[in-house]
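> Listed below, chain by chain, are the residues.
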Amino acid sequence: MGPVLAGVLQLLALTGALALVHIPFGTCMARVYSSKKHLRVEKWIYKGIGADPDTEMAWPAYLRGVLAFSLVGVLFLYLLQRLQGVLPGSMGFSSVNPAQSFNTAVSFVTNTNWQSYYGEQSMGHVVQTAGLAVQNFVSAAVGMAVAVALVRGFARSRTGELGNFWSDLVRGTLRILLPIAALAAVVLVACGAIQNFSGVHEVGQFMGGRQQWGGGAYASTEAIKELGTNGGGLANANSAHPFENPTPFSNLLEIFLILVIPFSLTRTFGVLVGSVRQGYAILATMFTIWLGFTALMMWTEFAHHGPALQAAGGAMEGKEVRFGVGGSSIFAVSTTLTSTGAVDSFHSSFTGLGGGITMLGMMLGEIAPGGVGSGLYGMLIMAVIAVFIAGLMVGRTPEYLGKKIGGREMKLAACYILVTPALVLVFTAASMALPTPPHSMLNSGAHGFSEVLYAFTSAANNNGSAFAGLNANTDWFNTMTGFAMLLGRFLPMVFVLALAGSLAGQQPVPATAGTLRTEKPLFTGLLVGAILIITGLTYFPALALGPLAEGLA
Amino acid sequence: MNNSLLRTTRLLGAALRALLVLTVLTGILYPLTVTGVAQALFPGKANGSETEADGKVVGSSLIGQQGYSLRYFQPRPAHGLGQNSLNTRYRLILSGATNLAADSKELTRQVEAAKAAVVKDNSVPGHRVRPSDVPADAVTSSGSGLDPDISPAYARLQVHRVAARNGLPVTVVDKLVEDHTTGRTLGFLGEPRVNVLELNIALRDLVAKR
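Order-wise, the sequence lines are chains A and B.
Residues -8 to 544, numbered by my numbering, are exactly what the first sequence covers, in order.
Residues 934 to 1143, numbered by my numbering, are exactly what the second sequence covers, in order.
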C-alpha cells in the first residue's frame, strides 16, 4: 500500500468514526443542556458558587457571567505564573515575566493557547495542571455555553430568557468534557504518553552522556487540549512530541477528539430547534469544507513543491516518520479549521500552498467545524448572512428557523464577521510598518510576511498554532497578540448573545411557500459559497502577498 | 451607583468561587485520578518508556537520540532541537522544528549537505549509494527533533555500512532491520518505521554475541 492510499484510508476511518458517534453524542449533549435535573455534585457546586442554576438569564446577564468568569480566569492565571517561583511542585522553575504571563493568561482563557513560551523550560506542574489545563476545560465549556444560548435564541420565542450561564458552564465541564477527557487520557497513556508528577528526570544515553526531561501530566492535558479545541501542549513541539502523541493510533485519536464535539454540536442544534434536518444542513456545510481542505492539503503535501522539499524528495521537513505526510495533513487541516492550534507537524515548513491552506482555514472564522461552541455559533452567523443574501436575490424579508432576520439582526451578524478580519489586517499591517517587529521573522521575503500574518490570524481567531519561526516572545508580540486574542474572543460573543436575545424575543413567523428551505442541499451550497466568497474577498490581498506568492513562485 | 458596584462585586465573587471549585475538579482531582490509573495500569509507559541495555537505562524508546557513531544506524537530523535558556541549572531538551520554509535557501543547503553526507557515509566498497536512493526522512529534521524512528528505506540504505563497520554479513544486518520494522497500525495507520534506539541496542547485542 502506498502512502497516499493509506492517508485516504485514515481519512475514511476518521469520517466513519465521526459519522457513527455524532448522532448519539449530539443528542446526549442536547439532553445535557435541556435537562431539568441537577446531579448531586452539581448542587454542591452551585451552593459553593452561590448561584441558583434555575434562574433564567436575559442576554446581558448571560454576557456578564461570561465576562466576569473570563476576567477572573485571566487574573488568576496571571498571578499563578507570576508566583510560580515560590509555588511548591513547580520543579523549581522561576516566575514568568509580566508580558509573557499576560499573553499566556489571555491565550488560555480565550481558548486560543498561543504559546510564546517554551513549555519544557517554563511551566511547572502547578501552573500547568491547576492553571493552564483548567482553562482548557472551562474556556471550552464557555464556548459551548454561548453556542447553546444562541441556539436557545432560535428555539424559544417571545421571551428574553437564554438559560443560566453557571448551569451551562458546570454541565458542559462535568457531564461532557470531564468523562471523555478522562477516558481518552488513559488510552493515550496506553499508547505511550507519559503521566506523572516527578521532577526533572535524568537517564543515560546509548552512546554515553546523559539526557534530561521533565515529568508532567502529559496525557491528561493532551486529552482535554484536543477535546476542548485548545491546543496548548506541555512540550514546545506540541503533538509532534512523542510524549504527547506517541503512535499513529494516538494521532488519529487526537484528531478525532478535536473534531468530535464541533461536528456533534450540529446534531445538538438540530434537536434543540426541533428539526434534526436543519442540523444536517449545517453539518453538511462543515463537512464539505473540511473534506475539501483536507483533500487539497494532501495533494499539495504529497506533491511537495518548493526548492528545499524537491531537494529532499518529499515534504518531511517538520513532520514525524510515524505520522507521515498523510496523518500530518489531516491533523494540520483539522487543527486550523477548528480553534485548536495543536500541531503534529510544523506548518511553517509545509509547501507554500499547504501553509496557505492552514491560514485560510483560520480565516474562514474557524467554522468548519470550528472550535467547541465557537464553531457552531460562527457557522450560524454565516447562515444568517446566507439567508440574508438569498433574501436580497428574491426580494423577501429573510428568515431563518422561523425568525425574521431584520435590520438589528443583520447589524449584529455583520459586526460579528467584521471583528476578526479587522484585527488580523490592522495588527499585521502595524507590525510590518513599524521598524522593530519585523526583526522577529525567521524567514525572509513572502514567507517572513506569512509568519506575521499567520500570528495575528491565529491570535484573532483564537487558534493558537503558528509559523513558529517567528520570535513571538517580544513585548510587541506578547502584548498585541494578547489584545487580538481578547477582542477576537469576546467581541464576537457580545454580538452572538445580543443576537440570541433579539431572536428569542421574536414571535416565530410561519413558513410559507416562499420561505427559503434551509434544511435542503441548495442552502448548504449557498452557505458554502457565501463563506468562501466573503473570506476570499476579505483576505485575498494579504494571502497574495504571503502564501500565494510563495506557493506560485 | 453603589448598587451596581455591589452587583459587580457579587458577580465577580461568584465567578471566582466558580473558578476555584472547577479548579479543584479539573485541575487537581482529574489529573491525579488519571495519574493514579496510569501508574497502576501502565507504569512503564506513564514514566517515559525507558529502555535498558545490559541492565542500564539508555534512554526512552520514544525519544530519539543524536550522536551515534557510524558503526550504528543514524537517526534523522534535528536542526530545530534546543537546550533550555531558562532555569539553567537543568540541561533540558527543548523539542522543536527548524520552521524553515519550503523555499528557504538555508533549508535547501541543510538538505543538500545531509544528502551528500548520507551518500558518502553509506557508500562502501562494492556498494554505491546514489543520491536518488536517499529517502526524504534521512535529510530533513522532524517536527519534534526527537523523532525516534526512521523509515525502513533509510534503515535499509544503511545496512551495507553497518555490516562493514561491524564485520557482520549483510544478510544478518538486513534481517535485523526487517525484524525491527514496524508496519502500519492495522495496515493503514501512519507509516512503516524502524525505532533507531531499539535497533542499535539489538545491533550491539548481536556484535557482542559473535
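Please keep in mind that the hints were generated in silico from the structure rather than gathered at the bench.
All C-beta atoms, glycine included, are put in the ideal place defined by N, C-alpha and C.
There may be inaccurate statements among the hints.
[Said to hold, decoys possible] To give an idea of the interface, some chain A residues facing chain B are shown, with a C-beta separation under 7 angstroms as derived from the structure:
no. : residue
1   : Ile185
2   : Phe197
3   : Ala228
4   : Ala294
5   : Gly297
> If a hint holds in the structure, say so; if it doesn't, say that too.
Status of the hints after comparison with the structure:
Interface restraint check for A:Ile185: the shortest CB-CB distance to chain B comes to about 5 angstroms, inside 7 angstroms, so the restraint holds. Interface hint at A:Phe197: satisfied, since its Cβ lies 5 angstroms from the closest Cβ of chain B, which is below the 7 angstroms cut-off. A least Cβ separation of about 4 angstroms between A:Ala228 and chain B falls short of the 7 angstroms threshold, and the interface hint therefore holds. With its C-beta approaching chain B no nearer than about 11 angstroms, A:Ala294 sits outside the 7 angstroms limit, and its interface hint is violated.
The beta carbon of A:Gly297 comes within 3 angstroms of a beta carbon in chain B, closer than 7 angstroms, and the hint placing it at the interface holds.
Taken one by one, the earlier hints fail for this structure only at number 4.
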